[in-house]
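Undergrad: Going down the list, the sequences are from chains A and B.
Residue numbering for the first sequence follows this note's numbering, starting at 1 and increasing by one per position.
Residue numbering for the second sequence follows this note's numbering, starting at 1 and increasing by one per position.
I should point out that these hints are in silico values taken from the structure, not numbers from a laboratory.
Among these hints, one or two may not hold up.
Examples of chain A residues lying across from chain B (beta carbon under 8 angstroms, computed) [stated by the list, open to error]:
1. G11
2. G24
3. A29
4. V80
5. A170
6. K260
Rough simulated footprint, nothing fancy, chain A against chain B, three-plus residues with beta-carbon under 8 angstroms [to be verified]:
7. 56-65
8. 298-310
Glycine included, each C-beta is placed from N, C-alpha and C at the ideal position.
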Amino acid sequence: MINQRLVTGAGADANAVTTDASVGPEQLAQLQPGSELAERVARGEFPATYYLAFNTRKAPFDDQKVREALSYAINRTSVVNSLGGTAVAGPSTTFLPPQKALGYQEYDYFPAGASGDAAKAKELLAAAGKSNLTIELAHENDDSNGLGPKAAAAVQEAFKQAGVTVKLTAIDSATYRDVTGKPATQPALSLQYWGADWPSGGPFLIPIFDGRQIITAGGNFNLAQYNDPATNAEIDAINALTDQSQAQARWGALDAKIGKLALTIPLAHEKDVYLFGKNVKNAVPDGWRGTYDLARVSVK
Amino acid sequence: MSLAAVALRDRGFVAGATIATVMVVVAVSAPLLTALAGQDPTTYHDNLLDSARGGVPTGPYGGVSGDHWLGVEPGTGRDLFARIVYGARVSLGVAVGATILQVLIGLLAGLAAGLGGRWADAVLGRLFYLAPSDPAVLTCGKGCTPERLVEVRHAMGVDDPAHVQYAHFLQGLVAGRDYSSGAQARHCPAPCLGYSFETDQSVTSLLADRLPVSASLAIGAEVLSLLAGVGAGLLSGLRRHRWLDRLVNGLVLTGYAVPVFLVGLLLLLLFCVVLQWLPFPAYVPFTTDPLLWAQNLLLPWVALAIIQTAAYARLTRAGIQETLAEDHIRTARAYGLPERRIIWRRALRGAMLPLVTLTAIDLASIMTSAVLTETMFGLPGIGQLLVGAVNQIDLPVVVGVTLLTGLLIVIANAVADLLYAAIDPRVQLR
């Protein structure tokens with residue numbers, strides 16, 4: 001309804017912006033180049049990754065071969081479609097989202113192509129002696145955060161092609177973070193979303209991969225339970241750097257190094273498309289948040 | 001005539017039974033049907049989606065084709081026919097389960113009511129608070145320590161036995177009550193319904209904030225429904241022209257058959273988007289600007305009226321025809337009273353009794369449960385409050401809305417009874 005109102009732009013709505021309602025299919029269809037609406041759209045990218053989180057302390061995900069096999073099997077096209085299509089999400093093979101500020105470095109160690117490499121996945125599972133695997137996937141009970149039944153079913157369907165049976169476990173979205181963030185209640189495999197707090201690779205990677213940040217009381221983000229002294233030392237070393245560009249490169253390299261372990265399966269990164277009213281000026285998303293600095297937006 | 005024969009003569013029964021039978025057959029034979037269609041409900045068809053346009057199906061009518069009879073689901077490309085057929089299984093399960101539960105609970109509540117009003121009250125009141133969630137845990141939130149939980153339990157009074165809690169609740173309603181939270185106590189004046197677990201606002205003030213919105217919605221919608229319904233009922237009830245009767249009936253029933261969210265969306269699309277005659281509705285209090293108040297509420301009123309008119313029109317029509325066939329009308333005609341006067345003073349009056357009852361019930365129900373209408377038109381009314389409270393397990397608010405609903409229905413019925421006496425000389429108040 002918010003977007004419909006912005007499209008119509010009647011009365012006071014001509015002076016409105018939204019920071020909340022990303023466009024849906026109804027509006028995307030009207031955003032053809034040259035249309036009036038195409039002038040009133042702000043496209044930004046908030047650095048964030050949708051991913052599958054393994055708990056590597058729990059079978060069968062303690063076996064790296066299994067994690068790799070599932071990485072080959074994933075169908076990122078399905079996941080992107082379930083998130084709302086290519087206008088609002090793009091496929092990711094890296095944990096760091098594709099923003100230079102975070103030190104993004106490209107890699108794709110387990111190439112799944114656009115729609116998954118089921119044959120390769122089956123081969124790896126057979127080699128690991130884990131054919132006919134049955135696993136559970138935890139997800140939120142509604143789709144509003146992109147971690148709901150639609151995305152989960154996309155994963156389920158892709159893994160099915162590789163002979164892996166996925167049982168879906170829906171968790172109330174209000175308590176999802178609490179359940180998955182407490183090692184005692186954490187599911188072995190869950191759908192997750194991780195966004196940047198700061199335009200740097202450090203704050204993006206540290207809570208997820210620093211072994212000293214495994215919090216048993218709850219509010220844990222190192223869902224892999226990954227604790228590697230070398231990685232921890234590298235984190236400290238980069239944090240000590242004062243040269244921003246050097247640090248960027250090293251965060252990217254660290255992500256590329258950890259990526260080889262398949263501790264997560266990166267699925268997609270976020271894109272933001274916001275409409276604004278006819279009278280709004282300077283509605284330009286800033287460099288890294290995907291949305292406007294409201295203090296800079298004005299009305300004609 | 002046997003029962004079956006009677007049932008088969010009833011067109012409504014036959015139609016209902018046919019639909020139910022089709023549902024059951026479809027649900028039971030879901031695997032067979034989807035196999036016939038060559039589809040299953042889980043396979044993703046990414047190639048049938050236009051990803052750049054938000055994952056909508058490519059091709060006309062949502063991707064309808066020889067393979068996908070009803071098209072595919074946006075965002076996933078799953079076959080819609082297969083999903084609907086399998087969905088019938090879920091719906092059937094829910095329907096059967098809900099009916100069984102309903103009978104069971106109704107039986108229990110009925111038993112309690114049979115044992116006396118006090119019992120019914122106690123059972124219903126406790127049903128809410130004995131729900132499987134612990135309100136203290138919910139209120140205490142994340143990182144709640146056991147000690148803190150004990151304090152919260154005490155502050156909320158949920159550590160008392162259920163009958164003590166209930167006594168406190170009743171006391172709060174009529175005399176107000178004090179809540180102690182640690183050092184300081186706060187007084188909740190009567191009628192006290194407690195404080196929201198989510199926002200800590202007083203439930204009484206929450207209800208008082210939203211009641212004007214819901215009342216505005218209900219009163220306007222009722223006025224429109226009555227005008228349209230009685231008008232349509234008169235037109236068709238007087239049977240001046242057979243085609244007019246048919247036309248009015250058809251129109252009114254069409255309105256009745258369309259769900260409110262569809263009517264609401266179409267109205268918004270037409271008047272706010274295409275024609276731009278009206279702004280997108282936002283509630284403006286009557287006391288601030290009566291004109292803006294009416295302008296903003298016009299669309300929701302119309303949406304509700306379109307759906308409600310049918311019942312009023314049919315009642316009026318039936319009432320008029322029934323009254324016109326009675327002896328006193330014949331007598332009045334024999335005396336040479338003008339037809340206009342017979343209709344307005346006699347026939348309509350006879351038709352008004354059932355209308356009064358229906359209006360009373362509808363007023364109360366719109367005020368408390370017009371959730372879809374309120375959501376669609378962005379009106380912060382009681383219905384929205386209730387849905388929000390249910391989702392957040394905010395028990396005091398749920399109880400408050402439930403009590404208010406009961407109160408409104410009782411008041412509405414009492415007023416209806418009084419009006420009966422005014423309309424029908426046979427009814428006397430003693």
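Undergrad: Which of the numbered hints are not met once you compare them with the structure shown?
TA: Numbers 5, 6, 7 and 8, in rising order.
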